[in-house]
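Please build the complex by placing chain B on the supplied structure of chain A, with the hints as guidance.
Listed below, chain by chain, are the residues.
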Amino acid sequence: MHEMFVGTRYKFMAKRKYFYVFSIVLSLMTVLSLVLHHGPRKSVDFTGGNVMTVNFHPAATVDDVRDAVAKEHLESAEVQMSGDNTQAFVRFRTTGNDTSNVFSRFEAQMKTKGVVTTFRSMESVGPKIGKELEQKALFAILWSQVLILVYIAWRFRRWSFGLGAVIALFHDVLIALGVLSIMNREISLTVIAAFLTISGYSVNDTIVVFDRIRENIGLLRRMSFAEVIDKSVNQTLSRTILTSGLTLLSVISLFFLGGPVLHDFSLALLVGFVVGTYSSIFIASAIGMDLSNWWVRRKARAEAKATKTTVVASS
Amino acid sequence: MTNLRIKWVLFVFTVLLFGWYLLPTIRFYSLPANPPAAVAQTTTPNDAPPPETTAFNVPIPTGTPVDSANFRYRGSDNPSIAKLRENAMKLGLDLQGGVYLVYEVDLSKIPPKDRKGDEVDRAIEIIRNRIDQFGVTEPLIQKQGQNRIVVQLPGITDPARAKQLIGKTARLEFRLVKTRQELFQALAKVDQVVAGVALNDSASADTSAVDSLLAGKNPFSGLFQASQEDAGYVYAPAENLDKAKAYLRRIQSLDRPAVLPGGTILLWGERAFGSRSGNPGQYLYAVSVSSDLTGEHVADAQVGFGLEPSRPNSAGISLTFDKRGSAIFTRLTGNNVGRQLAIVLDNTVKSAPVIRDKIRGGRASITGIDTDVEAKDLGIVLRAGALPTDLTLQEERTVSASLGSDSIHKGILASVVGFLAIAAFMIFYYQLSGALSVFALILNVFYLVATLGMLRGTLTLPGIAGIALTIGMAVDTNVLILERIREELRGGKTVRGAIEAGYSRAFTTILDTHSTTLISAVVLFQFGTGPIKGFATTLMIGLVANLFCAVFFTRLIYDSMMARRPLEKMSI
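Residue numbers (the working numbering), protein chains in the order written: chain A, 13 to 327; chain B, 248 to 819.
Isolated chain A (complex conformation):
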């Protein structure tokens, strides 16, 4: 029988402060990168505008492409080349929505430089639709988090754990966003889909741990809360790591073999799933515990205060 991470007794809860610090540092780096880049870099899906993807044979130089674009007088054009210079993404604005002849004119320009250009795709989004899509994307992310919070709070009868799970998954999405921002990748509709998938998936691991905590609380009445959580996390550790590893195999394969269209999508998933596994082991239950302890202490203090007042009054 092959085994790993079986019978471990790591003391996760005792060291939780280090993990909090680590997560806060990662989150701050995300915020810093977002500030430096003036917010997330949005794709044409949200900003409106056009992006044309073309292939070259043989490979073209950036200067040639820039030159061809400049001769076409495309408004605020930007050129981005693939690593091997056989593919270019040309971003531009148009007055009105007429993109009909852009490719054929561009193709003619490139021909004079001895490069054969083939059309791959063109995306044009009007500013109105872009704004709507942005709003819809924000709502979708918000809604999925709220619904997951409600579901966990209902299933586990503890809002502290629901909140712990949601904070953890918010943290996962935030860091995925941060990595994309640091790498200067664009946030498109597909990347938003990846974020939503991260939300659904990251909370999976957390739930498995929470389920075990729920089960163990009933069984191990002598243990402290922290001990129960440590035991539960350790018991589910092999499963958490196995599953994450296996899912990562799919994602890695999508990242390397899935082609350029899925590149940013699988990158976001890759980061989100790794961070999601980390947070469900180290962060989610820790936050759940601290929140619930804080709540218990607060209630106790309020009760103590109430008793005190009564005592004073009666004497």
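Hints listed in this document are in silico derivations from the structure and should not be mistaken for laboratory results. Even for Gly, the Cβ is constructed at its ideal location relative to N, Cα and C. There's no promise every hint is true.
[Said to hold, decoys possible] Covered stretches of chain B, going by a simulated chain A footprint (3 or more residues, C-beta under 8 Å):
hint, region
1, 661–672
2, 710–721
3, 752–762
4, 778–790
[Said to hold, decoys possible] Quick list of in silico lysine-lysine cross-link-like pairs, DSS-like style, CA-CA up to 27 Å:
hint, chain 1, residue 1, chain 2, residue 2
5, A, 54, A, 123
6, A, 29, A, 243
7, B, 390, A, 148
8, B, 657, A, 54
9, A, 148, A, 54
10, B, 390, A, 140
11, B, 330, B, 492
12, B, 390, B, 605
13, A, 320, A, 27
14, B, 570, B, 623
15, B, 740, A, 243
16, B, 623, B, 657
17, A, 54, A, 143
18, A, 143, B, 390
19, B, 740, B, 816
Same frame as chain A, now just chain B:
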């Protein structure tokens, strides 16, 4: 025992059922995507600008014509293939290439008092009519929200032409239908051209090509059935449509019909028009080249009932012309009592009512329409002629066919590699139990693809990614169960006890993990457009299929194994 047997019957039944739904998808995608090059040449509209004069100067097509109607390919009009296509899983525009357009109908330009509330429907009708002429297989035209129209054109690689066609102002005309004799003259002319005998050039005709083509003397008109009465139209049964359309396109472009002897032009009727027999063939009309009355003179067209006293419940259209229109209409009807007057929208004959009387006063009614729906549609067509709205293009996404096929190959490769890696690990780590999980994963993908076919769903590139992810997430359920069984075995339980406890304890967790992922998928489905909807769909179907495969199916196997004799050891 009997309990197990029922479960097996249930399992085999689902496999057969889903297999049945998967079959059209497999059969459809094993057909070649396109006809051979020579056919493609004749079936795609000419890219060269149409000749300046609409007279009859047609180049003889080069290359040997191939019989497109008998060649089975995915885009064919052949009824059996059309049926297959309808029942197969669809490929998204990002995988087969195509154009996705979102138009907005600008209602603000219409004064409120002139708004009739059906502006968007009229615009959709116009767009649909034009797309039908374009010869796109499976176009999708939908209303989105209040005033948007989404147009999806699979396989179109020249968006400029599509946009040009859609953006044009609608042209509604009334044209007299020619007599049977004039129709036959026109058809005979097309026969000649198709046979390779050009009007002004008979010497250069390649006789061998002509001979091979001309088994019968009338290659074009032989494809049609003449109607019984003395009418100016013929009917092309569904199986001949491909060929007939390809032939006619040799002599005329989409928006410029060729003028045949006697001032006749040949126009197609609407698809399935007048086909209550269930055979979706199409009529071809011979109509007058000069338009007798145009749509701008139609003041209003409303659906009414009881316009014909003898049939009080049947729907009809009451038509009102403006002043000038009513004068033309009076003269037109007066001179042509007993003939048919075709209602032509953008070169498609929408209906061809018979003129019963000379109609004065600018008010006419069209009766004898079979269903209320047909009446409503015809009303929209008649009002469409004077569509006062502007269509503005808000969003356009074009994917070339080459990018589409690259995406399919890369997506499938990535999924297969991911799957193999997972399978190898599962078998290494869990041995026979792992192998069973791998089989459950394969079953999962089988149900997933079959369900897409059953729902006539669309597979997109993110959808393929969704399948890859489903494999990754589905294996989680197996790992949860197997780890739990191992734990119970370590705790000293018998194999039977460990399996029972493993399944029942893991089940609540499995339910929870599936619920949260489902929440995300549903939100995604609500929010997403096109490709992303495809991702959400595969994710949702995959989750449900997984519950069946990973929980019901694997348990069934373990139970069946234990039913014979108690297991002492488990390969896990």
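Worksheet entry | Proposed proximity, residue 140 of chain A with residue 390 of chain B (alpha carbon, max 27 Å) | 17 Å, holds
Worksheet item: Counting residues of the region 661–672 of chain B that have a beta-carbon nearer than 8 Å to any beta-carbon of chain A, does the count reach 3?
Response: As far as the region 661–672 of chain B goes, the hint holds, because 8 residues have Cβ atoms under 8 Å from chain A.
Practice prompt. Given the hint that residue 330 of chain B pairs with residue 492 of chain B, test it: the Cα-Cα distance must not exceed 27 Å.
Written response: 20 Å, holds
Worksheet item: Are the Cα positions of residue 54 of chain A and residue 123 of chain A separated by 27 Å at most?
Response: Given that 27 Å is the threshold and the Cα spacing comes to 32 Å, the pair is violated.
Worksheet item: Taking only the CA atoms, is the gap from residue 740 of chain B to residue 243 of chain A under or equal to 27 Å?
Response: 21 Å, holds
Worksheet entry | Restraint status (C-alpha distance of residue 390 of chain B to residue 605 of chain B at most 27 Å) | 40 Å, violated
Fill in: Hint consistency between residue 320 of chain A and residue 27 of chain A [alpha-carbon to alpha-carbon, up to 27 Å]
36 Å, violated
Practice prompt. Test coverage of the region 752–762 of chain B by chain A using CB-CB distances below 8 Å; three residues minimum.
Written response: holds (count 6)
Worksheet item: Taking 27 Å as the top limit, are the C-alpha atoms of residue 657 of chain B and residue 54 of chain A close enough?
Response: 26 Å, holds
Worksheet entry | 27 Å Cα cutoff - pair residue 740 of chain B, residue 816 of chain B | 11 Å, holds
Worksheet entry | Pair hint residue 29 of chain A and residue 243 of chain A, alpha-carbon separation not exceeding 27 Å | 18 Å, holds
Discussion item. So if I understand the rule, the pair passes when the alpha-carbon distance is 27 Å or less; does residue 148 of chain A with residue 54 of chain A pass?
Written reply: Roughly 14 Å separates the two Cα atoms, so the pair holds.
Against the hints set out earlier in the document, violations occur for numbers 5, 12, 13, 16.
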